[in-house]
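Enquirer: Listed in order, the protein sequences are those of chains A and B.
Using this note's numbering, the first residue of the first sequence is number 11, and each one after it goes up by one.
Using this note's numbering, the first residue of the second sequence is number 709, and each one after it goes up by one.
I should point out that these hints are in silico values taken from the structure, not numbers from a laboratory.
Be careful, since some hints might not be right.
From the structure, some residues in chain A lie toward chain B, with a derived Cβ separation under 10 Å [unchecked claim]: (1) Leu40; (2) Phe64; (3) Met65; (4) Phe79; (5) Gln80; (6) Val135; (7) Ala143; (8) Leu148; (9) Gly263; (10) Gly264; (11) Pro265; (12) Ala290; (13) Leu296; (14) Thr304; (15) Val306.
The calculated BS3-like cross-link candidates involving lysine-lysine, where the alpha carbons are at most 30 Å apart (straight line), are [claimed, not checked]: (16) Lys895(B) to Lys983(B); (17) Lys983(B) to Lys125(A); (18) Lys27(A) to Lys125(A); (19) Lys27(A) to Lys983(B); (20) Lys843(B) to Lys27(A); (21) Lys75(A) to Lys895(B).
Where a beta carbon is used, it is the ideal one built from N, C-alpha and C, also for glycine.
Below are the chains, spelled out letter by letter.
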Amino acid sequence: MGPVFGPVLIGIVMQTKRTVFQARLLPYALLAPQLIITLIFFVWPALQAVRQSFMREDPFGLSEKFVWFQNYTRLIGDASYLNSLSVTFVFAAGVTAVSMTVSLLFAVCVNRAIKSGRFYTTMLVWPYALAPAASGLLWWFMFNPSVGLIPYVLNMVGYDWNHRLHEGDAMILIIIAASWKQISYNFLFFVAGLQSVPHSLTEAAAIDGAGPVKRFWTVVFPLLSPTAFFLAVINITYAMFDTLPIIDAVTTGGPSQSTNILVYKVYADGFIGLSLGPSAAQSVVLMLIVVLLTVVQFRWVERKVQY
Amino acid sequence: MVENRPFLSFLTHLVLIVGVLIVVFPVYLAFIASTHGPTDFMSGLVPLLPGDQMVANYGYLLGSGESTAGAPPFTLMLLNSLWMALLIAFGKISISILSAFAIVYFRFPLRTVAFWVIFMTLMLPIEVRILPTYKVVADLGMLNSYSGLVIPVIASATATFLFRQFFLTVPEELMEAARVDGAGPMKFFRDILLPLSRTNIAALFIIMFIYGWNQYLWPMLITTEPHYYTVVMGIKRLANVLDGDNQWNLVMTGVILAGLPPVLVIIFMQRLFVKGLVETEK
Chain A
11 MGPVFGPVLI GIVMQTKRTV FQARLLPYAL LAPQLIITLI FFVWPALQAV
61 RQSFMREDPF GLSEKFVWFQ NYTRLIGDAS YLNSLSVTFV FAAGVTAVSM
111 TVSLLFAVCV NRAIKSGRFY TTMLVWPYAL APAASGLLWW FMFNPSVGLI
161 PYVLNMVGYD WNHRLHEGDA MILIIIAASW KQISYNFLFF VAGLQSVPHS
211 LTEAAAIDGA GPVKRFWTVV FPLLSPTAFF LAVINITYAM FDTLPIIDAV
261 TTGGPSQSTN ILVYKVYADG FIGLSLGPSA AQSVVLMLIV VLLTVVQFRW
311 VERKVQY
Chain B
709 MVENRPFLSF LTHLVLIVGV LIVVFPVYLA FIASTHGPTD FMSGLVPLLP
759 GDQMVANYGY LLGSGESTAG APPFTLMLLN SLWMALLIAF GKISISILSA
809 FAIVYFRFPL RTVAFWVIFM TLMLPIEVRI LPTYKVVADL GMLNSYSGLV
859 IPVIASATAT FLFRQFFLTV PEELMEAARV DGAGPMKFFR DILLPLSRTN
909 IAALFIIMFI YGWNQYLWPM LITTEPHYYT VVMGIKRLAN VLDGDNQWNL
959 VMTGVILAGL PPVLVIIFMQ RLFVKGLVET EK
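Next comes chain B alone, as it looks inside the complex (with noise of 0.2 Å):
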């Protein structure tokens, strides 16, 4: 700050707090409903106070789910999110790292070609695909498969160009010494790259999850058996089918279990996650 001025700073903390409230309140409010039951909201508004049944809605929704909206229980469905979600960020940082090592530190023929081949992926994202991606998963029979779920959506550039921006910055000696040493190219990246990378992987890791975690059309489309259901999903048709039936306590609980873990993710991660977020973006 350059100099003080009280009322500028009292403006500066009065915008923060309205901020504050605008990203909080409706979280606040779904939460709120979730603790009430269904005729508390027969008058019309919702309540704005916590209220008793808490228990009771969380209870039955991870417990039983509601089978008449097409939702297995919410446990399964976290489940199956978190197992999509880790498996997604492993996938990607796995095969990625791969990618950018040889394209770093290996000079082959149809190296260019190569990197614009994994340049494209970022210029068509599922949405503009949607009808011939799904024809190809139905062809090779990963419909119904959590293979089905992850495989289609690991290939990542952002996380390949992230690497590469990493390892060429890698002290060039580091590879000199080590080939002085006689250790060949994969016990170099195992020994020396892999453990230079940690910080880098966990802050990709934390947004691939974040990710994985909250994709939408395309569990949507390549699951119909209820047991492969994930939840971000799962709220949706749970909103759809009881809207109807005025049950929105229910719906605001689902609401708040598929978002609880990604959040609690990055606040107790918030500086690997800012990392991450600004630097995959460069």
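This is chain A alone, in the form it adopts within the complex (with noise of 0.2 Å):
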């Protein structure tokens, strides 16, 4: 192959085999369904977005009109836009830590436990496949104010927990029952970075006199740095995302706005409030985000491929 100009994700992309086949119809058969689901469902859908986005509708939804940059302008304006943003920062900055935090403790404590750390796994993994609606629900349970099991221990410390009303204690709500469903995720791609740690240097360090905590830190936890940047990556977008069914579920982003989270908020203007030129501007800068979190994420595949 000659000299790959341009970023090396399109020379990976661009590879074929040596040799290929000659066919003048069938490779543009075989990519048929596949284009023909994502321009219909989702590259025309887009573009609709973005052309709502700058448009206004009068009140009956009889004629619209272009209004430039106007549904943008005021979103900045819109304090309950700026609240929803903030949410969303603090909600995810709050899952990404809690949850990876969590889940490193559980896989250094699995890469140690040799003999054991098979049924552990088998443990703590499972609650990936349980749905983010019925993570949020068994939180709420948890954290129900009538009859929860933490309300219970709570008030008897003299704390008075209630979601339904107090804005903290429902933020704190959704994080751990976002956090607790994606620790699973984590923790098994911990695991795996830190089973790719040679012995050779863990056991280097310990002959120098390096005890557990330092060679942790000063051996391990670099070599993890890129697992560890990658899953930050995922996790905020998690996070952003797809924890809309843990709000939908458990809060409905309230009270008074303080779990509306951005893609909680575009859900409920657009599709409840039905007003379709702000929300499709909110769609917009969503998207913006989203693209903006993709290219991070494989500019980590990317170096991981040069290595």
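Using the hints, put the two chains back together into the complex; each one sits in its own frame.
Expert: Right under this line is the structure:
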């Protein structure tokens, strides 16, 4: 192969077999189902959202007119949108921090407990299979102000838990429910990362007199940093986009918008509130965020390929 | 392990046991709640030991459902979910393996364009294009149908990338030998590539099955007839209504029913699941 120009990704993408089959129409036929579905159900609706974001409909939906960036400038001045931005930030940071820290701790332990590691792994990974809505409901029940176990215990130490009224409580609840569901995923990737750390390195550090804690921070952790970076991106994406069912099942964005993350707001404004233009502008902003996160994620893959 | 440190080993197991408790306890509590009658919650605290209403609760939801909560019998919703999950997994794998075959084994004009179009699906999750996608599906008359539940979500960039990655590792000689023997592309695909991809297909099938089973927003938008309800959206409706009636036993029965099938899949096929999960993200 000749020199690869542009991003490495394109180089990888364009790879084929040395020899290829000769056929004029067959490859198009093979690609057709995937491409047709993508164009009809992904690309076309996305273009519609972009178009809609520059339009404003009259209240009866009879006519629309082109308003340039008005929907976007209104977003910037909209207090509820800015609130949603900051709620999303707190939520995504909380979920990423909690679930990555906890899973790293479990992964390090499983990596030490060689004999029983398999058993613990089985016990720790299955929440991956639960729907986010189900995991939300499990924690909704644990924290139920009337009969939940945790409010009962908190009440004994003098804390009046009520996520239906207290904004902080609601945020803590959805962070716990979302993090809990994500532990298994992070755990598996951290275990894979830990297993690829060469034994010779940790042994050499041990011979040099480094204790387990020091070995972890000076030898193991730096080698895990690509995994950790990748997981951070995945977790932010998860918290921003895949947790809509948790919000819908547990808090529906309340109390007083305190858990109304961006995706939930798009859904609520567009589908329930039926305000098309502003909702479309929000969609486009979200699209740009996904594009950004995807690019960051693939740059990680790219670097890994070059190693 | 580099050296033997009894205290550290003790700590390791302690952390892991606490971890397992954190993971298992909410489900344990849900299961316990699902074995009680509604009056057992009167004390203001959930019971911590099993009750005697298990058969009654599960029988009630599976058999008649909770019509006041807009929930048809769970047997119907579970079957809908199963059907939807199987079709989504099957659909994603079929169209992706064909696309990957085209991209790796052929050179043709617009190959790069095709690749980038597939890549774009990664950047357009349903959450950012809810309304227009709904409109397309409505215009095509696919609301309240299995095709509407399945077809719009079966495009898959990740599955295509995974197969592409795998095909690139298949030895060139196999294809050359097949060509010498006069086998055409489809015969090569069917008799050589498909059998070689078995493990990858199985691993991916598990991931996609779970993805399909856990669909939430999409089924909720496009199904308005109870006949097409799936179980994951069903439990949310149940929770909305029954929370006011203090019938948490039934809500938790629903959660257990909705969660059990995919959890069993993961527990019994852990090795394939881990392979599928770690590889689809690379």
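Enquirer: Next, verify each hint and record whether it holds.
Expert: Hints, one by one, checked against the model:
{"no.": "1", "hint": "Leu40", "in the structure": "4 Å, holds"}
{"no.": "2", "hint": "Phe64", "in the structure": "14 Å, violated"}
{"no.": "3", "hint": "Met65", "in the structure": "12 Å, violated"}
{"no.": "4", "hint": "Phe79", "in the structure": "19 Å, violated"}
{"no.": "5", "hint": "Gln80", "in the structure": "19 Å, violated"}
{"no.": "6", "hint": "Val135", "in the structure": "7 Å, holds"}
{"no.": "7", "hint": "Ala143", "in the structure": "5 Å, holds"}
{"no.": "8", "hint": "Leu148", "in the structure": "4 Å, holds"}
{"no.": "9", "hint": "Gly263", "in the structure": "14 Å, violated"}
{"no.": "10", "hint": "Gly264", "in the structure": "14 Å, violated"}
{"no.": "11", "hint": "Pro265", "in the structure": "15 Å, violated"}
{"no.": "12", "hint": "Ala290", "in the structure": "7 Å, holds"}
{"no.": "13", "hint": "Leu296", "in the structure": "4 Å, holds"}
{"no.": "14", "hint": "Thr304", "in the structure": "5 Å, holds"}
{"no.": "15", "hint": "Val306", "in the structure": "12 Å, violated"}
{"no.": "16", "hint": "Lys895(B) to Lys983(B)", "in the structure": "28 Å, holds"}
{"no.": "17", "hint": "Lys983(B) to Lys125(A)", "in the structure": "21 Å, holds"}
{"no.": "18", "hint": "Lys27(A) to Lys125(A)", "in the structure": "43 Å, violated"}
{"no.": "19", "hint": "Lys27(A) to Lys983(B)", "in the structure": "25 Å, holds"}
{"no.": "20", "hint": "Lys843(B) to Lys27(A)", "in the structure": "41 Å, violated"}
{"no.": "21", "hint": "Lys75(A) to Lys895(B)", "in the structure": "55 Å, violated"}
Going through the hint list in order, the structure does not satisfy hints 2, 3, 4, 5, 9, 10, 11, 15, 18, 20, 21.
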